[in-house]
Every structure is written in structure tokens, then in C-alpha cells.
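**Student:** The chain contents come next:
2 protein chains.
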Amino acid sequence: MSFSITEENYIKAIFHLQQGEGNVTTNELAAELHTKAASVTDMLKKLKAKKLLSYEKYKGVRLSADGKKLALGIVRKHRLWEYFLVDTLQFGWDEVHEVAEELEHISSKKLVEKLDAFLGFPKFDPHGDPIPDSHGKMAVQQHINLIDLPVNKMAEVSGVGSQSTELLELLKHKHIGIGTKLEIKKKFSFDNSIEIKIKNQNAFTISQQLAQALFVKLI
Amino acid sequence: MSFSITEENYIKAIFHLQQGEGNVTTNELAAELHTKAASVTDMLKKLKAKKLLSYEKYKGVRLSADGKKLALGIVRKHRLWEYFLVDTLQFGWDEVHEVAEELEHISSKKLVEKLDAFLGFPKFDPHGDPIPDSHGKMAVQQHINLIDLPVNKMAEVSGVGSQSTELLELLKHKHIGIGTKLEIKKKFSFDNSIEIKIKNQNAFTISQQLAQALFVKLI
DNA sequence: AATTAAATTTAGATTTGTCTAAAAATAATT
DNA sequence: AATTATTTTTAGACAAATCTAAATTTAATT
Chain Z
1 MSFSITEENY IKAIFHLQQG EGNVTTNELA AELHTKAASV TDMLKKLKAK KLLSYEKYKG
61 VRLSADGKKL ALGIVRKHRL WEYFLVDTLQ FGWDEVHEVA EELEHISSKK LVEKLDAFLG
121 FPKFDPHGDP IPDSHGKMAV QQHINLIDLP VNKMAEVSGV GSQSTELLEL LKHKHIGIGT
181 KLEIKKKFSF DNSIEIKIKN QNAFTISQQL AQALFVKLI
Chain D
1 MSFSITEENY IKAIFHLQQG EGNVTTNELA AELHTKAASV TDMLKKLKAK KLLSYEKYKG
61 VRLSADGKKL ALGIVRKHRL WEYFLVDTLQ FGWDEVHEVA EELEHISSKK LVEKLDAFLG
121 FPKFDPHGDP IPDSHGKMAV QQHINLIDLP VNKMAEVSGV GSQSTELLEL LKHKHIGIGT
181 KLEIKKKFSF DNSIEIKIKN QNAFTISQQL AQALFVKLI
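If you read the protein sequences in the order shown, they are chains Z and D.
Heads up: the first sequence at position 193 corresponds to 193 in the working numbering, and the numbers run straight through without jumps.
Heads up: the second sequence at position 196 corresponds to 196 in the working numbering, and the numbers run straight through without jumps.
Rather than coming from a laboratory, the hints here were simulated on the basis of the structure.
Fair warning: there could be bad hints in the mix.
Chain copies aren't distinguished; within one or between two, either way the pair holds.
Below, a list of computed lysine to any residue pairs in the SDA-like style, where the Cα atoms sit at most 20 angstroms apart [to be verified]: (1) K123 <-> E8; (2) K110 <-> K153; (3) K114 <-> L89; (4) K181 <-> L171; (5) K36 <-> H135; (6) K185 <-> A65; (7) K51 <-> D66.
Based on the provided sequences and hints, a complete structural model is requested.
**Tutor:** Take a look at the structure:
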């Protein structure tokens, strides 16, 4: 079965809103989609008929297994395209969202898989959100590479990529250790170096190699 | 002003059909777009109101300057995406058309320009059709680089890129000269070498450097 | 528990792009 | 030139997605 862009946008919105426990309400959806509650009701009936969600009058909505699968496919495309725009086409990470909103509706299955392979099967998009794989599985976010940390998000060093004395010597000199709280202020695409800021210290730059050797978790 | 996917498809279809002299007829358009003549009439009125074409009842249609500009923009996107799919994502040149039909409607101007730059401002798509530049200008096809010649299209050597003795020595040894008729049987993306076939000879491979030094015209 | 407030649904209208069937205009043929 | 055939347009209807305004249900408050 195939779905319209509008239907896909509803499914995606419900997916993002239902991360908590309870059902997603009509008004929440109307706000998220910049439309009116009456329009939402109409569409929910339609999507229920297509078995993408469970919905009872006045009781809100939740995605079915099929609906979740569809949503994960759209999210996968959205985040892969964002990665492509930033990594391959040198867009700023803050200007890709709207373009990806269009690209996520391109239907070719083969395109998605080829794009994923071309990009090297990235696990996180430029904002640090996990990219679902072709089976819909997402990496758990708690242990991400410092190089994948989005700009201006506070994180805590949670691991190092090797135990080499050379690495540890460098970390000691920079006063970086497990538990150090930092954020990235800027990424330089020329050499993939990044400027980081540790609380109560001046910002300073570290190399791509060092950033790749550090794991952090968002706090 | 912005246009729907349907409107863009009409404009593109008219553009392709009006290459000759006369006006494009309602029935021609209906056939091209797999729709009915009545639907075409409705849309032509709408597009005329938007000043994209000139249309008089029963007399067919032609694009206005604005319409041509829009059409060239769509064709530009279509062919750039085809180039991307083949060159970057390793699609076969025969399986990209439908995907490009979707991608050509992505609206971001910045995306098109960045994509063009990333691809190295290609002049021809994988089928050998010229790609309009950002001003809508297309290269004249009669003198294309051998490396841009599509697979399995007969062409005739029409020029060489340099007059160096080294090049001419090589050409003499391979029995290639101005007027030689050949076609490409295969392109190898690993080193951009190509396998060519000259009438009454066995196929053989030539290097990227040699292919880039040869110009051909389609016959 | 009754009443007010908020959220949700229904009913009916609108826009976009399409269709069928009938009418009108143009082209082809005798 | 008159008739037939073809092409094109009009008229009216339909599906998708939306809206406003009114009705209904649920939640909150006195």
C-alpha cells in the first residue's frame, strides 16, 4: 500500500508525540500539524481504516505495528537526508530540516538503501538523533561519539576509544577525563576539528582524531 | 510564486512536446500525461491565468518566457539528480528515471546549487542529455566529451583535447582518428576507464585520461 | 450533582485535480 | 459545399484534504 504525503505527515507527527505513555490527542496533533481539530478527526478515521493506528472517538490515538513501521521508515529517510545534506553537500546543520521534510517523502526503497551505504551507515544525524536502520532499529543514544555530538548540547565524557598511552597523555594534558562536562561550540569542516568548551574554562580546539576517540552521553 | 507537482508536470510535458515548431495540442498532452483531454483543458486555463503559457481555445498551447524558465529549472533538477544517482550512488543508468521524476520536484534552490557543485557542474546526464546551468543555458550536444557519451550510443570522433605527440602516438597505436565510429559498451567506476567498441574490431578498454581527451558527436 | 469550560466530532461548504457525457468547434471526406 | 469524423471544450459530478460553525462528549468547578 502507498500513502500520500499528508498521510505520512500525520503518521510521523503521531510517532513523535506518542513517545510518552498515554494516547495522542486530537488537539496536540492539530497544533503539531498547524491544522484544525476537525481536519484531524477526518484524517484519523481514514488512517484507522487503513489500519495504521487505533483510534476511538474522544479517546485519542496510538500507532499500530504497521503505523510504527511506516513512521520509522519516514524518520529513517529524514535523518539520512539530513546527514547527506550536512556531510556531503556542506549545508549548515541548522538549515537542513525543511529540505529533509520534502526529501523524506521520496518513495524509492532502493534510493534509501544506496544512500545509507554511500554515507557509511551513519548511526546519528547532525542533530544527534539516532537514524533507524533498514529494520527500524535505532542505536541507543547514551554512548555517542564526541564527533557526532550536536553543537551546543551539554554532554558528559563517558568513555574513550582506546587505552593507548599516547591518548591518555593527551587527555591528561587537556584535563579531560570520564565525567568531564563539555559542549561543542563549533565544528570546522576543513579538517573536522571541533571547538569545545568545558565549564569554567576557555573554549579550545581538538582534532578529529581526538574527538573520535571520545564517547559522551547527553545530560 | 510556487507551483504544485501537477502544475510542474504539465509545464515539463509541454516543454518536451514543443521542441518542434507548432503549438502543442490538448490530445498530445493528455497522452503524454496519461490523463483525459477534459482535464488538460481545465489545467491549461489555470496555467494561462498564472502566465506560464499562451493558450487560445482550440488552438493549442506554447510556454511563455516564465513557463520556459520554470521548465528549464525542472529539467535541470531532473538531470542533476539522474547524474547523482548514477555517478554517486551507483544506480544503473537505466533505472534512475522514475526516481528523478520524484526528486525533480524538491523545491530548495540551495539544494540544487550545492548538488551541482558537489557533482562538479556536469554538462550531460547519464543518458547524454544536456543539463541546463543555473541560468537555464544548455551545452550544445554536437561536441561532447567521450567520457560523457552514454553507453550503447553510436558516436563519431570529432575532436581531440590536445595536440601533444604523446596523445597522438597513443591514438595512432589504437587506430583511433577523427571520424572513427564507436560506442561505449561499459563504464568502470573504479578507475573511470571505459570499454569501447569500434566497428569490425574487438572491444577494448581505454583510460579515463584518454577518454577525456576525445570529443565525439552522436550519429 | 449541577453547571460551566474545554475538547472533540459532525455537518456542510470549499479547493484542487480529476472524470464522464454531452455540446461545440475544427478538420477531413465525399 | 454538405456531411462525417475528430478534436476540444463545457457542464456537472467526485475524491482528497481542508475549513467554519454548530452539536456533542468529556473534564473541571462550584
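**Student:** Each hint should be assessed against the structure and marked as holding or not.
**Tutor:** Hint check:
| no. | hint | result |
| --- | --- | --- |
| 1 | K123 <-> E8 | neither (23 angstroms within a copy, 36 angstroms between copies) |
| 2 | K110 <-> K153 | neither (34 angstroms within a copy, 27 angstroms between copies) |
| 3 | K114 <-> L89 | both (17 angstroms within a copy, 6 angstroms between copies) |
| 4 | K181 <-> L171 | within (14 angstroms within a copy, 65 angstroms between copies) |
| 5 | K36 <-> H135 | neither (34 angstroms within a copy, 41 angstroms between copies) |
| 6 | K185 <-> A65 | neither (40 angstroms within a copy, 47 angstroms between copies) |
| 7 | K51 <-> D66 | within (7 angstroms within a copy, 44 angstroms between copies) |
Comparing the model with each numbered hint stated earlier shows that hints 1, 2, 5, 6 do not hold.
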